[in-house]
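Here is how the chains run, residue by residue.
There are 2 protein chains.
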Amino acid sequence: MPKENSSLRFDEIFSNGNVATSLRIRNVIYSKQSKIQRIDIFETADLGRIFALDGTIMLNERWEFTYHEMITHVPMFSHSNPKDVLVIGGGDGGVVREVLKHPSVEKVDLVEIDPDVIEACKNYLPSTASKLSDPRVAIYNEDGKSFVMRKDTEYDVIIVDSTDPYKGAGESLFTEEFYTACRNALKEDGIFSAEAENPVYDGKEMEKCFREMNKAFPMVKPYTAFVPMYPSGFWVFAYASKNVLPTIKDGKSRLKKLIGSLFYYNFKIHEASFVAPTFLEKLLEY
Amino acid sequence: MPKENSSLRFDEIFSNGNVATSLRIRNVIYSKQSKIQRIDIFETADLGRIFALDGTIMLNERWEFTYHEMITHVPMFSHSNPKDVLVIGGGDGGVVREVLKHPSVEKVDLVEIDPDVIEACKNYLPSTASKLSDPRVAIYNEDGKSFVMRKDTEYDVIIVDSTDPYKGAGESLFTEEFYTACRNALKEDGIFSAEAENPVYDGKEMEKCFREMNKAFPMVKPYTAFVPMYPSGFWVFAYASKNVLPTIKDGKSRLKKLIGSLFYYNFKIHEASFVAPTFLEKLLEY
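Protein chains in written order, with the working numbering: chain A, 1 to 286; chain B, 1 to 286.
Chain A with its partners taken away, still in its complex shape:
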């Protein structure tokens, strides 16, 4: 068959099959059925590499910065001096890369259930995964929920960078039990953030996420960011704490050390991200 008559495309299908995003693929870089899930890394024409789990895109290299910066720097700058950080999920290393931009950080525990994800990303996604070898990072390949249930008053910041709630490994990470364990694993002034889906195609999952989180944390606030690599591009995150507002702490002096390494996050965006369109305010009744 002549080459110009064939093409390889990756279709991410959502909304019960009614909508799909279709990407032209240059090369298959890595493809494996691990014990837990299907792992794919593809080279695209103009979005860099994409990394998918069970057919759901986790990131593309061109636009992952919007997601990773916003899930990370909002809680990090809301804490006055984050030293001990826990990342649940996030085996691609994107969150860890952002966390380590803060010089106050002494220890990052990364709990990624699937060792093959770590291996694949270290080998084929250095743009996000290269900091996984930093000496401050400890990697645990186990279920996030069982890990955090053993912890007590240990972390300044906990970030949950999970897969979707309705399938596979991420499911247990959207429950009251898990959120309560996270609250207990935080120090008194600790801060929690998590991806919370989108209101366009996953409104029910988003609502459930906030409902469960509200049972566990006294303070829960949604914030949003443009995440063009995900369905609808309209991404919601959850900020939670025992009593700490998402105001920027000691920002000026700390920001200096990060200047030039941030491409989405800035202090005005931090504040603006907590402002929601009317329909979203009503959906989450906050």
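Take these hints with a grain of salt, some might be off.
[To be verified] These stretches of chain A come out as covered by chain B in the derived footprint (C-beta under 8 Å, 3 or more residues): (1) 10-18; (2) 72-84; (3) 226-239.
Everything labelled a hint here was simulated from the structure, so no lab data went into it. All C-beta atoms in this analysis are idealised placements derived from N, C-alpha and C, irrespective of residue type, glycine included.
With chain A fixed as given, assemble chain B onto it according to the hints.
For chain B alone, kept in the frame of chain A given last:
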């Protein structure tokens, strides 16, 4: 062929064919090659009807409110008493519907080049087009640029709801000449808004739009909104004026009359929409 083995899909293709959004179609409602462009209206499974020109989606009924509210109410509330409004493009009627929510409005001129668009939307998209029959609305089927070049100091607000700049009818609406004509058609305290593409797949077109606009207007400011119905969902709008800042004028008393009819726009969103991620700030150097 058994029915379950076939399906109709509409693929909107962008980024030089590297990316597409694919939608399952229930029915073809209307499909016509007009003198100017191909017009399609389809029934989807869960997004209501979609309306496309030359294969580019203009709206879906489920999510058009985010776009139409933000392109309209930001300029309308930035003006203290908008009476005379010009809408260029926007034959689907979505902008006109939003404009007419403001009781101060006495006259709306709608300049839609293609009479078949008006006809199709009146017949098959009543959710946006029903207000096109309002007695305050005058419809002109001619080129937006030549229409506005005849006007002088006539309008309080001008809204450009055009197709993309790189194809078909919208092309002349992204030039210095057109923007200068719009400035001259505005009263001294008049306000201009326009859709300005997205930074993800159309960054160059977005930059050009602002570059040309800056030649014509003393004050140009980008603002953003989540528009999940368009590629990337990350939509940029341009606000421009001779000297009027995009602050809300006499908001409280005016908002009362619109409460319950706004689903995205609120005053906090108005302000937050002018805050940009760092990479966008740099791209537009504002």
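To see whether the hints hold, each was checked on the structure:
1. Counting residues of the segment 10-18 of chain A whose beta carbon lies closer than 8 Å to any beta carbon of chain B gives 5, which reaches the threshold of three, so the coverage claim holds.
2. Check result for the segment 72-84 of chain A against chain B: violated, 0 residues qualifying (beta carbon to beta carbon below 8 Å, three or more required).
3. For the segment 226-239 of chain A, the proposed coverage by chain B is satisfied: 5 residues have a C-beta within less than 8 Å of a C-beta in that chain, meeting the threshold of three.
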